[in-house]
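Asker: Here is how the chains run, residue by residue.
Protein chains: 4
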Amino acid sequence: MNIFHTDRIKSILPQIRSFVAEEIIPLEKDYLHGTFRALEPRLHALRSKVKEKGLWTPHLPESDGGLGLTLTEFGIVSEELGRSPLGHYVFNCQAPDIGNMELLHQFATEAQKHTFLEPLMRGEIRSCFSMTEPEFAGSNPVNMATTAVREGDEYILNGHKWFTSSADGASFLVVMAVTNPEAAPHKRASMLIMPATTEGYTLVRNIKIMGDEGDSYASHAEVRFENCRVPAANLLGNEGAGFALAQHRLGPGRIHHCMRFIGIAERALELMCRYAISRHLAPGKPLASRQSIQMWIAESRAEIDAARYMVLHTADGIDKNGAQAMKESISTIKFFVANMLQHVLDRAIQVHGALGVTDDTVLAYWYRHERAARIYDGPDEVHKTVLARNILKSYGYDIEQ
Amino acid sequence: MNIFHTDRIKSILPQIRSFVAEEIIPLEKDYLHGTFRALEPRLHALRSKVKEKGLWTPHLPESDGGLGLTLTEFGIVSEELGRSPLGHYVFNCQAPDIGNMELLHQFATEAQKHTFLEPLMRGEIRSCFSMTEPEFAGSNPVNMATTAVREGDEYILNGHKWFTSSADGASFLVVMAVTNPEAAPHKRASMLIMPATTEGYTLVRNIKIMGDEGDSYASHAEVRFENCRVPAANLLGNEGAGFALAQHRLGPGRIHHCMRFIGIAERALELMCRYAISRHLAPGKPLASRQSIQMWIAESRAEIDAARYMVLHTADGIDKNGAQAMKESISTIKFFVANMLQHVLDRAIQVHGALGVTDDTVLAYWYRHERAARIYDGPDEVHKTVLARNILKSYGYDIEQ
Amino acid sequence: MNIFHTDRIKSILPQIRSFVAEEIIPLEKDYLHGTFRALEPRLHALRSKVKEKGLWTPHLPESDGGLGLTLTEFGIVSEELGRSPLGHYVFNCQAPDIGNMELLHQFATEAQKHTFLEPLMRGEIRSCFSMTEPEFAGSNPVNMATTAVREGDEYILNGHKWFTSSADGASFLVVMAVTNPEAAPHKRASMLIMPATTEGYTLVRNIKIMGDEGDSYASHAEVRFENCRVPAANLLGNEGAGFALAQHRLGPGRIHHCMRFIGIAERALELMCRYAISRHLAPGKPLASRQSIQMWIAESRAEIDAARYMVLHTADGIDKNGAQAMKESISTIKFFVANMLQHVLDRAIQVHGALGVTDDTVLAYWYRHERAARIYDGPDEVHKTVLARNILKSYGYDIEQ
Amino acid sequence: MNIFHTDRIKSILPQIRSFVAEEIIPLEKDYLHGTFRALEPRLHALRSKVKEKGLWTPHLPESDGGLGLTLTEFGIVSEELGRSPLGHYVFNCQAPDIGNMELLHQFATEAQKHTFLEPLMRGEIRSCFSMTEPEFAGSNPVNMATTAVREGDEYILNGHKWFTSSADGASFLVVMAVTNPEAAPHKRASMLIMPATTEGYTLVRNIKIMGDEGDSYASHAEVRFENCRVPAANLLGNEGAGFALAQHRLGPGRIHHCMRFIGIAERALELMCRYAISRHLAPGKPLASRQSIQMWIAESRAEIDAARYMVLHTADGIDKNGAQAMKESISTIKFFVANMLQHVLDRAIQVHGALGVTDDTVLAYWYRHERAARIYDGPDEVHKTVLARNILKSYGYDIEQ
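Note that the protein sequences, when read in sequence, are chains A, B, C and D. 1 is the number of the first residue of the first sequence in my numbering; add one for each residue after it. 1 is the number of the first residue of the second sequence in my numbering; add one for each residue after it. 1 is the number of the first residue of the third sequence in my numbering; add one for each residue after it. 1 is the number of the first residue of the fourth sequence in my numbering; add one for each residue after it.
No wet-lab data here; the hints were simulated from the structure. It is possible that part of the hints are untrue.
To be verified - Calculated pairs, DSS-like style, for lysine-lysine (alpha carbon to alpha carbon, straight line, at most 27 Å):
(1) 320(B) to 10(A)
(2) 393(B) to 285(D)
(3) 187(D) to 285(B)
(4) 393(D) to 285(C)
(5) 208(B) to 29(D)
(6) 285(A) to 285(D)
Next up, chain A with everything else stripped away, as it sits in the complex (with noise of 0.2 Å):
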């Protein structure tokens, strides 16, 4: 409980705590040992309970079925939700389809919402966001070979990405590609939202990662673009927007990545605990009573909350003064959180020894998934350079990259 829990949150936040105890953690251990696609009759089911207690779409506009929360209060429903890997999936606010959410919601045309919006809002279709391309640094969004060339109405999409997550069997594309290969290297890349029927388009492959392929929504694809006829009125904002919207997208989309972190550390924490407890090195003498166990549970307890404070600061911050204002501590607490993801989850499984590898818990999945914390959406060091340059820059340094 702390000062940014409003009486909204006072009042959902228990029910979400249950349901997701109760209802979503009980179906981890047939994810961890099954596949997602095969846990999607189970999970719709759970869905149809959020939307039945009207714990649906938490993250939109009560005029749009949401609970019409403030970014800090989706923040710390989204650490609620993040203590199992399938808890944002329950309540329709998963990544990447609420990034595309609002993206749709404040940018999209009125047909646009109509055609894709509103089912995805809805929970009848899935999308991907496709950006990264293998050839790249991520990190240099000005590196992009992707293309789309106008052709009358039409634009011919071309181009190779990767880590377009959850393309498997998702409904539409937003494609980020060069449009104005002529205009300064901001402005030349636009997005477009493709049906992923549409000719020419092609999912190579989930990308096995760290052991994992993945299906379905829990998948990270490479996919093709080869002469993809996309309409013009499937332009999302105005050419030459694409890197302003994709800054967009990621003002909020850092918030509930980081709070879900939180709530990842948070369920790490209790399992350490619990096992502590429960585990005996001999009778009467269990593995809480090493003093090497306790300094790891303190030391995590005093990162998660110091976390939990820089992210819960940062978005009250977005939400009283915009995303601008708060530019230097949205990407310190992206380093910042990941890295204390990392710490305290390798304590948890140094704590559950042999177990503590083993899919037997979800501690390994998301040791495994979680590493790339570190990287996505800019890896820590990237962070960190953009957070020492505006630092410098307050003393009169400009760093020359």
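Given chain A, put chains B, C and D in place with the hints provided.
Answerer: Just chains B, C and D now, with coordinates in the frame of chain A:
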């Protein structure tokens, strides 16, 4: 600027910041190369200016001539003052006097207040607090050999203490001594107010700490009590209440210290940035152009901000719900902030190279003297154990010690 | 090249290095995207080549068809083979078979050698070692519930084990079971050689570890023994000698593993350097131009070299004075080298960015599977405690456990 | 005991160890609470004893009255002497004199040797080495403003230096100055031997370092040269050879320092163990019973051993193949060992609690003064960059600076 910045803070903080920058920091050089005593006339001149500006003893209620700040607000002030080793002294809110003022304010008799508290609040005298004994681990306060035996209307005090900070020149000591050896462990000790002129009291030495004996206020003494006769009227609070009072003293003291650490860290980061820009490896190539230094700047910024949020939320919790409710956080901030401080100071020194280890900047002073931050008021490991014990208790396990 | 490189090493090492680079590493891609079983025909073809080159079972005495290497020399070979997850298997010196070969070589009867050791040395069969039980903390080997009760000329074996590595497809198991429950704690267990065809033996599952069930040699099984009848003639060594034999098995095994870790780390450093040079942030600006990456390369080089010296000196000490004399070092290398490995792998992945978390390089495989390096054969904390106990004993203090 | 312990080492090491323990360490207390100058009579008495024992100037060839040790052997001796801050001085192998002895031995004319080297070897005089300038980053030795202009048979020396260690009381300085400003960057400077009595030379101050100005041998001076006339006959080596000579001086110097660091760390570990056993948290419960302290002891042991192996292998490589061949290792040990030292000292202080920050043990002295170990002779980051550059060169990439 953050949500804890009240209107009152917004009004006084810029004044305090300017005063520290313009009046106090310029004295540092002489402090680093001279003695505290030699500096006293100039410090006392500054104290007069502080009084004139109406910023004197900011921690006290307005009725006592203070600013009537909440603990959170005073924490924010403490950060600003912490930017110089001389800041708190000039505002008469320096440890250990601030702790004694708080103790006396709450628990002293009217007579005690008149004799001891009032001149202290006016800055006419100094005081000290004598608890730690060289023969016992400070982290176990039950271990104590100093005794005060009641004889008529006096206590006969015998014992050996060290780390009695600022005893050199203090007018009185608050001494912790066992008065009730047969009572339960935490009810054995009492606090006595002893004038420094009491016969049998010896200041054995100012302990040489990290190369520095210090003097006057800036010192840590070893002292002996040999049959010191202390009037029973000088008993502070009840007999046997020593530990309870000491706990009272520690709660807000933790906030003061931690915010002071943050002030130090901010100053170190500022020095680091300025030097990184001004020092050139080659023409046109300042230290700030090196990525390793950029990483340190970013990491320091992140760690300082995280620490500040932690402490201010803790202070705010104490303001609203009392220290007992924030027990876990009070343990957490101590080790979290002290470690942050050490990291930031270490980086600042490394950026300064050879200059960093000299006393030509204030960094080496803090590097030496704040190493103790991870030790006094309980070493890191004790606070982590306390925190872990509380956490594990909530899962039903009690660490047996 | 260092002082441990004997003429024999100088002669064989280049051959092994080329073989690994040219014959084994090219198979990795198929291993990472397929099964071990599917790869076996090609691995066995390579095994034939190794035999032809006279490099087969390098750890064995020349009289047994090996290279007659010292432990130090074999350590150096193990590093080279460790550069690929498939290296040791191709040379038939893979754990757990190598440990079983060593055990049988030293302690088996002639009949046991004929039946079990000889086909193992020829690479015709595989074996496994069944000690760890899910119900007990592995770090306390006195905790064990599996029993073998003598009945006539048979033992009746009952129990539940896991992390019986490579049980899938193994011809026989060496099983640790309590035979003498009334004896002193370390004299209760014995080792029995049990054919995998024994009735009552079930391979419950290949445990899913970090997303990977594995198969065949590359697996870790949960197994059950229900009234398995094992001929008394299959007792390895004496009754009650189980722990003593297990200790024998661990000494050199620690060297093998640690040198394998170093091979992995060297490969990771090589991949890191190559990728840092080839991946460009912008034209003419490879990752290698970033100082943060340069720091990681230097730190990795330093840590790997330090680890190698530690292990080779330990091996050399064992060669000269026996494992007992090197007890402290044997504990030290385990935690020191496993932690080095984790640091180097983490940096290598960070340099590779998104590619690093995919299975398109071998790094993610090691990142997942070698997390266990800090756990198996005793977690870090157990080894540190053993080491500290030995050190403190030399000062006259015995840590009571 | 390890493979680098030759018979010669086995014969002299126990003598040196006893001498340090029995004769030198007992002086530390007076050193820590007094001045070096006050201690000199007693130190010189010990020097006579060292001569009597035939252990004087152990680094010199036997023909010059030394022990004729290899660099590796002297490294081992240096570790032993490093256990006390006074060790090297008593054996007359203290920096900077040892470096000057080596320089003069190799490059001085007979006349120079007679005047400067011989009394130095006999311990009758002291010397210093004046290179670093406050205005330039020491890590780029091309930056230097001190000039020596030839006029007839003299050089006119002008400049400003600092960190001229031990200038206070030194009979002569070896000064680095630009003699050939038009030459290639690394051929501009020369070394001149200048008697301290030269007119125009001023010792501005002993720099206050970490609270300590020091005095006599134990000091670091800021000095000025104003038209100092130095006979051309005092040129050391050739004109323009300054950097080349400085490099010569650094190679073995790195080994000396690193082994001295290891001696310090061993002593710190010993103090840590002894205190952990003797200090009780409660009756029967010494600090050593706490697992966190056990972890620190184990980690310190591991890190010290790793550091020692690294340095001895480097020394051995220099003995066999020369410093050039070991360039990478020479960079590696500097940062690796200095960081190990800081970790071990930090832990030792933490174990000692309040006592650890006082000068009642030698730990605080080292904590303060050896912070510079990560800075002098090039900060960590410079050595890591050098190492990374060499490694990346072997892959075909040259870091452009």
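Asker: Decide, hint by hint, whether the structure agrees.
Answerer: Status of each hint after checking the structure:
1. The hinted pair formed by residue 320(B) and residue 10(A) meets the criterion: a straight-line CA distance of about 18 Å does not exceed 27 Å.
2. Taking the CA atoms of residue 393(B) and residue 285(D), the gap is near 23 Å; set against the 27 Å cutoff, the hint holds.
3. At roughly 23 Å between alpha-carbon atoms, residue 187(D) and residue 285(B) fall within 27 Å of each other, so this suggested pair holds.
4. Restraint check: the Cα-Cα separation between residue 393(D) and residue 285(C) comes to about 16 Å, which is no more than 27 Å; the hinted pair holds.
5. About 12 Å separates the Cα atoms of residue 208(B) and residue 29(D), which keeps this hinted pair within 27 Å; it holds.
6. Between residue 285(A) and residue 285(D) the alpha-carbon distance is near 18 Å, which keeps this suggested pair within the 27 Å criterion.
Every hint, counting from the list given before, is met by this structure.
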